[in-house]
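*Asks:* Here the structure of chain L is known, so what remains is to put chain D in place on it, guided by the hints.
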Amino acid sequence: MKLCSRKFVSPARFLLQSIQNRNSHVNSEDFIPPNLVMAKINPLLHNVTIQEVPKISDKILVSRHCVEKVPKHKNAISVWLDNLMHARPQYNSVVQLHPVLFDAHPRMDILHSVVRWQQEYREVDYSWSRTRAEIGRGKKKPWHKRDWKSKTWSSNSPLWMKGGISQGPRGPRASFYELNPNTLLDGLLIALSIKHIQNDLIIIESAQISQDMPNFDEYLENRNLSETSMLLVHAENENISYLEQLVEDSKFFNILPLYGLNVCSILKHDKLVLSRYMLDELEHKVLWHKTRYPWLGSPHNFYLDMPGQDNAQSVDTDNPEPIGETGHM
Amino acid sequence: MRMQQVFRVCNSCRHILQRKLIQPLPQVSQALSYTTEPTRYTVSYEDFKYVQDMLPPSRIPEPPTHGSYPTPSGWVAPSEKAPDLPYFISRTKFHVLPIVEKEKPRDQPVTVVFYIDGDIWALEKELKELIRPYVEFDPATRVHEVTRSITLKGHHAEVIEKFLYAKGF
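Read top to bottom, the protein sequences are chains L and D. Here my numbering is used: the first residue of the first sequence is 1, the next is one more, and so on. Here my numbering is used: the first residue of the second sequence is 330, the next is one more, and so on.
Isolated chain D, as found in the complex:
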């Protein structure tokens, strides 16, 4: 009889214990777990200087003053004052003379001088005479007043560059 009573109590205890185990487990302490807790981080700008050295400059700087011109590459700085001529040729944003040699289709080498202000026709006259010894026939030029440019037949960039550097443009 006693054994049966004990067995009955044990059974009921077991049910109670089982019921408790079905309940959720208690929480693990926050210091230990790294899956539930949000990640910690530190902010520091110490190493940004290395990034800044790598970043490109945005604005094109002024070229440094050299001892003598022309520089080893052949570049000549423009004169500080505008020359006293009826026309003016400004440099490009890279501080280089605005002369370009192009190959138009079907064998047409061409030189273009642009960024011309003032009397373009006076400059055209001078360039024509400049190119005459290097050209077989009469030098062919085209003045385009809207785009402020002169197009010359043939590749004459070196000659024109020398001429314009001498004038001080």
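Okay, chain L solo, but in the shape it has when bound:
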């Protein structure tokens, strides 16, 4: 009678066989590790055909070049240009992005400090506990000497139940602090770079769309974006009234003007959608601050060419008001 039908295998050979069996699936083309998480798409659960994005060759039309000078050792980044009006992505033209913005060295410590600052600087802790003086029960001595009890002078002592708290929180306490503006700027650039590296960046022609736009759900389905959260950043001079109406009740789609761009919003949304018109302004602003002299004083009125200063007292010397103008104070 055979107790087991297996052949005898030496321990070394058994070990080798087990290793080979464990890793044999890795070489097959259909292998997907079970702990892989792709943005809202788990290929084991959803039957999703991942569309291939064509490679960018040199012959494709470049519809936007970098405004500012590109560093010598880096090349401008080319990214496909999409359009909200097209139902399917037509890979026609390409947009060039500045490497200082979208290819920054990913410093996680800077990113963490910026995110932490954004969440903390607005916080005010309103907790307040009463001290023994504020309990409001008076100064009466509970019992006098001669009782067979411990010494007491006040029933509000922190040792007593319902007494005052000696080292507790005392009133509104703000956790406001300021981070170095250069750190904040670097944090923003790192967030943008991360979005680009992880293929979460979409550049669209413009946020100004008319009513001829195709069905929005169809648009999202064709790009596998049905359940991904998107943040659309547009320039100030774009008319987004129709887009706002479309997207008003959507939980997944948020619209933001350029001056509201911040690290927490970028990281919170799965995809970042940038309008082509705001890229020039963003590039100019970032590189102005990267290549400026250190501030002599707070930049309130004499940096006349500082980008983004709408309330500055600007003197238009090219078109001055007529000389001799009279007025009354």
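Hint data in this document are derived by calculation from the structure and do not stem from the laboratory. The model shown is predicted, which means the values in this text are computed figures rather than measured ones. Each hint should be verified, as a subset may be incorrect.
Keeping only pairs whose Cα atoms sit at most 16 Å apart, straight-line, the calculated EDC-like set for lysine to aspartate or glutamate is [stated by the list, open to error]:
(1) K457(D) / D467(D)
(2) K72(L) / E391(D)
(3) K422(D) / E68(L)
(4) K422(D) / E134(L)
(5) K74(L) / D413(D)
(6) K72(L) / D413(D)
(7) K290(L) / E134(L)
(8) K162(L) / E134(L)
Covered by chain D, according to a simulated footprint, are these stretches of chain L (three or more residues, beta-carbon under 8 Å) [to be verified]:
(9) 95-104
(10) 184-196
We treat Cβ as the ideally placed atom computed from N, Cα and C, and that holds for glycine.
*Replies:* For chain D alone, coordinates are given in the frame of chain L:
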């Protein structure tokens, strides 16, 4: 009798006259007074050009092209194309090499080279050999990949500058 009547009329006239004087005085003409009338001013931008000359430039300009390098101060312009090496060292925003000499606490002179892209370890190897003749013991270096910098023990800024200028950074 007549005198009394005249006196009575004069008295009543006086009261009437007094009553009129209690009323406010008439307004002085506007052309003359400068306390009640709002101040006049003229706006002119003719002299603003003198202020503009004094205002500082905001953005750091590109350095002018000199005839020969090094310039009298010892500065050398970076080459127009990136050198064909596994690493690259970009200049600071003031167009100067990113080398800093520091004195760490308790007698620790140190040189830091930063803004390094590419293969830092290849650069570290080269810098180590560069510094060996100037150092008593084995040259001590620290590569910090997160901040993209190399820290070298001792003050070696001049030697490293010469080396990097020669490479074209």
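*Asks:* Taking the hints in turn, state whether each one holds.
*Replies:* Status of the hints after comparison with the structure:
Pair hint K457(D) plus D467(D) holds up; C-alpha atoms about 9 Å apart against a cutoff of 16 Å. The suggested pairing of K72(L) with E391(D) holds, with an alpha-carbon distance near 14 Å, which does not exceed 16 Å. A distance of roughly 14 Å separates the Cα atoms of K422(D) and E68(L); the hinted pair therefore holds under the 16 Å criterion. For a cut-off of 16 Å, the pair hint linking K422(D) to E134(L) is broken: about 58 Å separates their Cα positions.
With a CA separation close to 13 Å, the supplied pair K74(L) and D413(D) stays within the 16 Å bound. Our distance criterion of 16 Å between C-alpha atoms is met by K72(L) and D413(D), whose separation comes to about 12 Å. Among the hinted pairs, K290(L) with E134(L) is inconsistent with the structure: their alpha-carbon atoms are about 53 Å apart, more than 16 Å. Distance check on the hinted pair: K162(L) and E134(L) sit about 12 Å apart at the alpha-carbon level, within 16 Å; holds.
Note: the stretch 95-104 of chain L has 0 residues with beta-carbon separation from chain D under 8 Å; the three-residue rule is not met and the coverage is violated. Here's how the stretch 184-196 of chain L fares: 0 of its residues keep a CB closer than 8 Å to some CB of chain D, so the rule of at least three is not met and the hint is violated.
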